[in-house]
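In case you want the letters, here they are:
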Amino acid sequence: MEIVEKKNKNKLYKPIHEGIADWPVYQLSKNRKEFLDEVAQKAIQRILQLRPSRKLLIDELETTVYREQNRMKRNRWRVDPKDENKFWAKIKDELVELSARTPDESPGKEEEILKLIVLRYAHEIAGNFKPSSYRFAREVTQFWFARLLNGARVKKFGAFFRSRYTLRDKIHIVGKVKMLRRLARKGTVVMVPTHFSNLDSILIGWVIHALGLPAFIYGAGLNLFNIKIFAYFMNSLGAYKVDRRKKNLPYFETLKMYSNLAIQKGAHSLFFPGGTRSRSGSIEKQLKLGLLSTAVEAQRNLYLETSSSDVRKIFVVPVTLNYHFVLEAPDLIEDYLQVKGQDRYFPEQDNYGSFQLIRYLFKFFTKGSNISVSIGRGLDVLGNYVNDEGESIDAKGSVIDTRDYFLSNNSITVDKQREDVYTRMLSQKIVSEYHRINRVFASHLVAFVAFEMWQRKHSKLDLFSFLRLPEEDLEIPYAEFCETFKRVRKEIYNLKDAGKVYYATHLKGEADLVIQRGLDNVGTFHLKRPLLKNKKGNIITRDLNTLYYYHNRLVGYDLEKFI
Amino acid sequence: MTSKSLSEKPVGVVGAGNFGTVIANILARNRKVFLYGRNEKMIMQILDKRENRGYKIHKNVTPINDMADLAGQCEVIFPMVPSEHFRAMMKKLSPHLHPYHILIHGTKGFDIQLPKGETLESIQYLDRSQVRTMSEVIQDESVVVRVGCLAGPNLARELAQRQPGATVVASHFNEVIQTGKRLLRNDRFQVYENNDLVGVEIAGVLKNIIAIASGALSGLGYGENARGLLISRGAVEMVYLGRALGGNTKAFLGVAGIGDLVTTCNSPMSRNFTVGYRLAKGETLKEILDDMEEVAEGVNTVRIAKKCADFYNVRALITSTLYKVLFEDMTVPQAVQYLMRNPLNVDIDFL
Numbered sequence: 001m002e003i004v005e006k007k008n009k010n011k012l013y014k015p016i017h018e019g020i021a022d023w024p025v026y027q028l029s030k031n032r033k034e035f036l037d038e039v040a041q042k043a044i045q046r047i048l049q050l051r052p053s054r055k056l057l058i059d060e061l062e063t064t065v066y067r068e069q070n071r072m073k074r075n076r077w078r079v080d081p082k083d084e085n086k087f088w089a090k091i092k093d094e095l096v097e098l099s100a101r102t103p104d105e106s107p108g109k110e111e112e113i114l115k116l117i118v119l120r121y122a123h124e125i126a127g128n129f130k131p132s133s134y135r136f137a138r139e140v141t142q143f144w145f146a147r148l149l150n151g152a153r154v155k156k157f158g159a160f161f162r163s164r165y166t167l168r169d170k171i172h173i174v175g176k177v178k179m180l181r182r183l184a185r186k187g188t189v190v191m192v193p194t195h196f197s198n199l200d201s202i203l204i205g206w207v208i209h210a211l212g213l214p215a216f217i218y219g220a221g222l223n224l225f226n227i228k229i230f231a232y233f234m235n236s237l238g239a240y241k242v243d244r245r246k247k248n249l250p251y252f253e254t255l256k257m258y259s260n261l262a263i264q265k266g267a268h269s270l271f272f273p274g275g276t277r278s279r280s281g282s283i284e285k286q287l288k289l290g291l292l293s294t295a296v297e298a299q300r301n302l303y304l305e306t307s308s309s310d311v312r313k314i315f316v317v318p319v320t321l322n323y324h325f326v327l328e329a330p331d332l333i334e335d336y337l338q339v340k341g342q343d344r345y346f347p348e349q350d351n352y353g354s355f356q357l358i359r360y361l362f363k364f365f366t367k368g369s370n371i372s373v374s375i376g377r378g379l380d381v382l383g384n385y386v387n388d389e390g391e392s393i394d395a396k397g398s399v400i401d402t403r404d405y406f407l408s409n410n411s412i413t414v415d416k417q418r419e420d421v422y423t424r425m426l427s428q429k430i431v432s433e434y435h436r437i438n439r440v441f442a443s444h445l446v447a448f449v450a451f452e453m454w455q456r457k458h459s460k461l462d463l464f465s466f467l468r469l470p471e472e473d474l475e476i477p478y479a480e481f482c483e484t485f486k487r488v489r490k491e492i493y494n495l496k497d498a499g500k501v502y503y504a505t506h507l508k509g510e511a512d513l514v515i516q517r518g519l520d521n522v523g524t525f526h527l528k529r530p531l532l533k534n535k536k537g538n539i540i541t542r543d544l545n546t547l548y549y550y551h552n553r554l555v556g557y558d559l560e561k562f563i
Numbered sequence: 001m002t003s004k005s006l007s008e009k010p011v012g013v014v015g016a017g018n019f020g021t022v023i024a025n026i027l028a029r030n031r032k033v034f035l036y037g038r039n040e041k042m043i044m045q046i047l048d049k050r051e052n053r054g055y056k057i058h059k060n061v062t063p064i065n066d067m068a069d070l071a072g073q074c075e076v077i078f079p080m081v082p083s084e085h086f087r088a089m090m091k092k093l094s095p096h097l098h099p100y101h102i103l104i105h106g107t108k109g110f111d112i113q114l115p116k117g118e119t120l121e122s123i124q125y126l127d128r129s130q131v132r133t134m135s136e137v138i139q140d141e142s143v144v145v146r147v148g149c150l151a152g153p154n155l156a157r158e159l160a161q162r163q164p165g166a167t168v169v170a171s172h173f174n175e176v177i178q179t180g181k182r183l184l185r186n187d188r189f190q191v192y193e194n195n196d197l198v199g200v201e202i203a204g205v206l207k208n209i210i211a212i213a214s215g216a217l218s219g220l221g222y223g224e225n226a227r228g229l230l231i232s233r234g235a236v237e238m239v240y241l242g243r244a245l246g247g248n249t250k251a252f253l254g255v256a257g258i259g260d261l262v263t264t265c266n267s268p269m270s271r272n273f274t275v276g277y278r279l280a281k282g283e284t285l286k287e288i289l290d291d292m293e294e295v296a297e298g299v300n301t302v303r304i305a306k307k308c309a310d311f312y313n314v315r316a317l318i319t320s321t322l323y324k325v326l327f328e329d330m331t332v333p334q335a336v337q338y339l340m341r342n343p344l345n346v347d348i349d350f351l
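Protein chains in written order, with our numbering: chain A, 1 to 563; chain B, 1 to 351.
Watch out, some of these pointers could steer you wrong.
Computed cross-link-like contacts, DMTMM-like style, restricted to lysine to aspartate or glutamate with a CA-CA straight-line distance of at most 25 Å [stated by the list, open to error]:
(1) A/K340 / A/D462
(2) B/K32 / B/D66
(3) A/K490 / B/E118
(4) A/K496 / B/D127
(5) B/K91 / A/D401
(6) A/K256 / B/E175
(7) A/K561 / B/D127
(8) A/K429 / A/E560
(9) B/K92 / A/D394
(10) B/K9 / A/D401
(11) A/K246 / A/D80
(12) A/K186 / A/E305
(13) B/K181 / A/D415
(14) A/K73 / A/D59
(15) A/K109 / A/D37
Partial pick of chain B residues on the chain A-facing surface, computed with a CB cut under 8 Å [claimed, not checked]:
(16) H98
(17) P99
(18) Y100
(19) V143
(20) F173
Worth flagging that the hints you see were computed from the coordinates, not collected in a lab. The beta carbon of each residue, even a glycine, is placed where N, CA and C say it ideally should be.
Okay, chain B solo, but in the shape it has when bound (with noise of 0.2 Å):
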């Protein structure tokens, strides 16, 4: 199967973070893969030791950290890096793209593009036109339309011990999503096809909120019950807040949909938990932040989100007071208790 495929064009991964190096060794399977990273030193040690974060890299697996050569060689580039530097790092592919190119992103985050001298708390108002997914970041900044994400329940930790596993690709385009079929696909690895690319991107985005209250829960030392509570509750929540940001129902009922949010919010490794778990037992978000290599998604998706819901007159109970209990000052038992009290008892009405 490989010899074939092989002698095709390579592919590039953009971003040597966890989740792209576990990437490109699965696409390394299927094809000859580009690996990008910013850093000299970790191409060197790819290079030497064949390992980067913890994680074998695959022989087919090539370190670049020349952009051009990236764009020129490979006709389908997969960008992984986080939210914050997603539009810097486009800027600079950008001038290498040509309308030919495929791209499909593995990033859940959103990018937010204020007016100059605004902040999120001092902006009156957020809609949508200011909340971009990261396929819009693409087109903003490149020639590129073919473009895709890859959303679902992949830690990559268990992608890397070779676990079953599943991953959704979307796209506008069915060329796209073949292709990301065709790359990705292995004996452990499933790939499901969606056409709602923004609506599974959302998905992605929006289950980070419920990560933190999950772990908050935790935090406070309750069980499943709470957690069965949490989790359906927050999959209603996420597809009115999807629907109003231009995401179909469906979506949120998928694999990169509830598949996501149970896997996250069953993950205490994750930064998102971690984040609840240490509000739970008394810390400050300053605290825990501070402390925190890594900013964690979810707390700017919160602040986000709350603002995008009170825009669009979106009923985002989960979110709203997770917003309350982060940046004011409600506590973590106050806003159970909170939620407990809610009257509005229709389990579903979104179908």
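So that you can see chain A by itself, here it is in the shape it has in the complex (with noise of 0.2 Å):
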């Protein structure tokens, strides 16, 4: 059944900088040779600063070697460089030469040795925006989605080459979005965004752009980059790309100084702070620090270079993404089974080639599955609102001072220690936008009390006997869940009145409808329905596990106690 927003207020946005050439990511790409040594030199310097004597930086190299070699053994990927083999082995050939050495035979050798590495590690990560293909990406995704929308929507003959619905109608924005296009003007933008799809990267790419935000440059994990399509589109819209197989220190300083210097250049910025899709479905609660350490960081900086008042400020602005239906799910709440039933490694796997890409992105623009993101208040690094002029404001309403914070003694200080204490409370407050900015569908919801319905009445067994029991057990009937259901949702009423979530608006009217609503769209694409009506009209399921994933998304709000 099609779902229909009421309250459907999208509406075409005029870019906020005239052309291309005053986009900040442009700029950066104009001069990717000089910003890509200054990446580097600034980097070389961190990794200088921790690991300070000879022997420490050689056992470093050594180590990064190591795990290089392991990788390239062990886990390699069609995007990898085909002459990492042989770069890596020389590298070692190197340090095995110097280390039989004295320090005076070579000075300054490993220093050298470091250069070449985290050289080739910038030139890996940075990303290639070119005006040309990013306007060809921008048209062929626009062209191609309109008409895929009216071909598949309007059953007419030639309704194919028609205009009549648009991706608009498909994607709801919702939320501070005069306020993201204010602070896109007034400062620097890092967007953090709930992570469950691969479909999010480019759902946010058309997002920024139909916002008429200028390009932001991506922090996209390179696994995205085995799909050739995706590679297409990413590397067009000023992607740079984030390896979570290399975790070694100079490729972590590295990254973390190519956001960190984008940043201050005044680049859009945005990167998923869960670091990964979330696997149980559920919305992030641990984020990962180090690349929103760089927002802090970079904040820092530009009061400590700047001597004026106008400092240009960075704007943390977290978004959500729902969706009725991820294509992934299964494969996604697997792992995180095998994760939590056993402490074990799982490599990142992508099951869905381009083939399967599109024909996913044809059975959601043919089908009714619409999309949702919400955009949240603007924060500034500390995780303070800041109000439409980009203040910072306290809980009152008073304004700060940010550079405040970062004062000792009257002036700016440099205190790495105090910086990660930040970060960290950052990450939570973003967090906590989360769960108050996302919004609540029907199917969720239906997913939710579902399994919540059926796991309290297994309450003696643990989460991995309830999920191993046969589907056919089990049936809720009807009315018993109607009932649940509204009480349920009253109390996600209460919640939004309490400022603590949203809700979609075909949530509310006939608890009926809307439970109908749910049905038809939790996860409809998958090959096993989650959830689904019998013939007497009770409600089943024909795999618990996906269910589970789909029910997890509600986790947080305690709920529970209301099954």
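Hints in hand, dock the two standalone chains.
As structure tokens, then:
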């Protein structure tokens, strides 16, 4: 059944900058070489501070080589450069040679090796924004999305070439849109969305464009670049690559410096602070602090290096993406259960190539599965709300000077440990904002209610034994389900009034109708439907694990006690 | 040593009670100190006689009664007021504070935020969101984030006599810990570091429960075996309760945990100890509280800890038995008998 949002205020937004030439990301790509040199140079400085002696540095380099060679042996990807083996073998030889010599014989050699590695990483990470391919990619997405949409919706020959529907009908952008546009003009925006699906990257790219914002630089998982169609779009959208397999100090520092300097230079940035797609289906509770810390650090540096009062301010904007349906759900939850059941490493797997994605997109457009994007209020790097003017305000509404957080004895000081705590505070604030701006869909709620009801009936079983129950044994009489559904829905209304969550407009109204909408939409395109009605009209499931996944979306609101 | 640091900014102390006055004196050995008091008379007395609450006042201490002035002159402030007045004090101080301020408090108590019309007795359950430590009150009420606390075996009288002693400065920020250390440390006063702010705060609060029980044992005329038993089992209970409320085990084993616990359980002068002692002698709680000048923090803490233990399903035998003695009609001998019959005999199971 089609879900039509009643309050669909989506409209076309004018770009806030006239030409691409004014975009910070373009400026960055124009001076790509200088920029990467600066990144490398500053990252090297930082690493030398962290590993101050020759011995420590050599140890670090040896670890790096060891890990890289291990990675190449165990987990190679299509995107990995062909000359990798040769490069690291050479570095290894040089290190062996170096350790045989005294420091006087080859002064500074270890730093040279470090420079080679860091420069290589910097080039690997860097995105390549080109206005021409950006425009092209944008047009292609727009054109084909619109064609697909119309061809699917209006069942008439020829409708394929009309533009009656646009993406705007499909994707609802709600929340602080105006504020986001203002902040993007006043300062540098760091957008931090929740991460559920590989589709997020493309979706959010479209959102940024639809809101009239200049292109953002993107921190995108390198695994996405394995999928060719993604790689093309991501590259042209200004994405930089985050490789989660590389867990060594030179890589971390180079990556952070890249983000840090780009933000300092005013490039609006976007990364998924959860680090990876939410495996359990719940909203992120723990964020990765590495990239987040670069926002704090960049802000401090701007204060440190600019003496005048008009320092460019950094605004953190949380965003939640709400789906009825996540393509990868069955695999994600499988991963999650495996890891939770027994603590073991699982490699990043993508079972979906270009073909599956296109098929998914087609389904997405042809069937009624809407997506909503909620834009949160802007925050400063400490997690304080900002007002429309971009000034930070405290709980009572008085203006705070963000600069004061970095002061000690009247001067800006660099204190890594202090900034670590600030980053943690910011991440906690982002998590609570995620929960607050999350929009409850009917599909989330039916999944939550059904799963909790079943689990309550089998409260003696632990989660894993419960999930192993045969699906045929599970059935909830409709009347009972409906009653519980209403009770929990009421509680969501209360939460909304308390400012703790939002819900989509389709959640209101006749309960039977809303439940039907929920059932029709929850994970509709999976091979095995997570929730549906049987012939008697009772609620049944065909895939308990996937149901668990969709249920998790509403964990964290203490709704369990209303079942 | 003093000449250089005296040229730096002065530090502030809010609250001129026993502990506040003694801490001001300790700080005054390293810096100029402003001591804030609400009471004009007290300020005049310090100015005239250089004396407060029977303590001589160091020459570097200046009494002050203007919060704006205090916050304007000092970057580091030590709030030292009882927990029941703490939030009100912060509300007054807050408009003058900026994010560059550092606050290190020395208050051992909880702040309770209940919905309108509810009391600790009437409310259905009590969870952590309603129980706030003082550092959380500071962050609730002001923009200050660099917050720390002082805790440890710090009997004001002994500190004033310059007997050897130690304290813990706890904070998430190294910067705050180092600042506190630099300001407080002297040849008679050791300062230990801890980054588990909440754990250290909670340890300081919960030990008051055990102090009441310790007083009760003395009141019954029992000796050191019984006290040793109480202190060690009390420490275990503090760990359990503390973890439920968000602290780590380690904080409870340190100077602010065991150190403070042993001291308070052995000091007959403390208010909490006295409450237990007189209960054991057969007086009722009402009689005792009616003729005490100030509320013993521990009595309130027992009520709060009992509610929290119920909500989080924590085994807290001493606390819940003490609750029955204080607020229901169990007598102290009955309580002892009840505890001695408890069948659970695992010594240590939290490490």
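Consistency of the hints with the structure:
1. A/K340 / A/D462: 13 Å, holds
2. B/K32 / B/D66: 17 Å, holds
3. A/K490 / B/E118: OK: A/K490 and B/E118 at ~24 Å, within 25 Å.
4. A/K496 / B/D127: Measuring from Cα to Cα gives roughly 21 Å; hence the hint holds.
5. B/K91 / A/D401: 20 Å, holds
6. A/K256 / B/E175: 24 Å, holds
7. A/K561 / B/D127: Between A/K561 and B/D127 the Cα gap is close to 15 Å, so the pair holds against 25 Å.
8. A/K429 / A/E560: 24 Å, holds
9. B/K92 / A/D394: 16 Å, holds
10. B/K9 / A/D401: It holds: about 21 Å lies between the C-alpha atoms, which stays within 25 Å.
11. A/K246 / A/D80: Cα-Cα ~12 Å, so holds.
12. A/K186 / A/E305: 19 Å, holds
13. B/K181 / A/D415: 17 Å, holds
14. A/K73 / A/D59: 21 Å, holds
15. A/K109 / A/D37: Holds - the C-alpha atoms of A/D37 and A/K109 are around 19 Å apart, at most 25 Å.
16. H98: 5 Å, holds
17. P99: 4 Å, holds
18. Y100: Nearest chain A Cβ about 4 Å off; hint holds.
19. V143: B/V143 check passes; min Cβ-Cβ to chain A is 5 Å, inside 8 Å.
20. F173: It holds, given that the least Cβ distance between B/F173 and chain A is near 6 Å, below 8 Å.
In summary, this structure violates none of the numbered hints.
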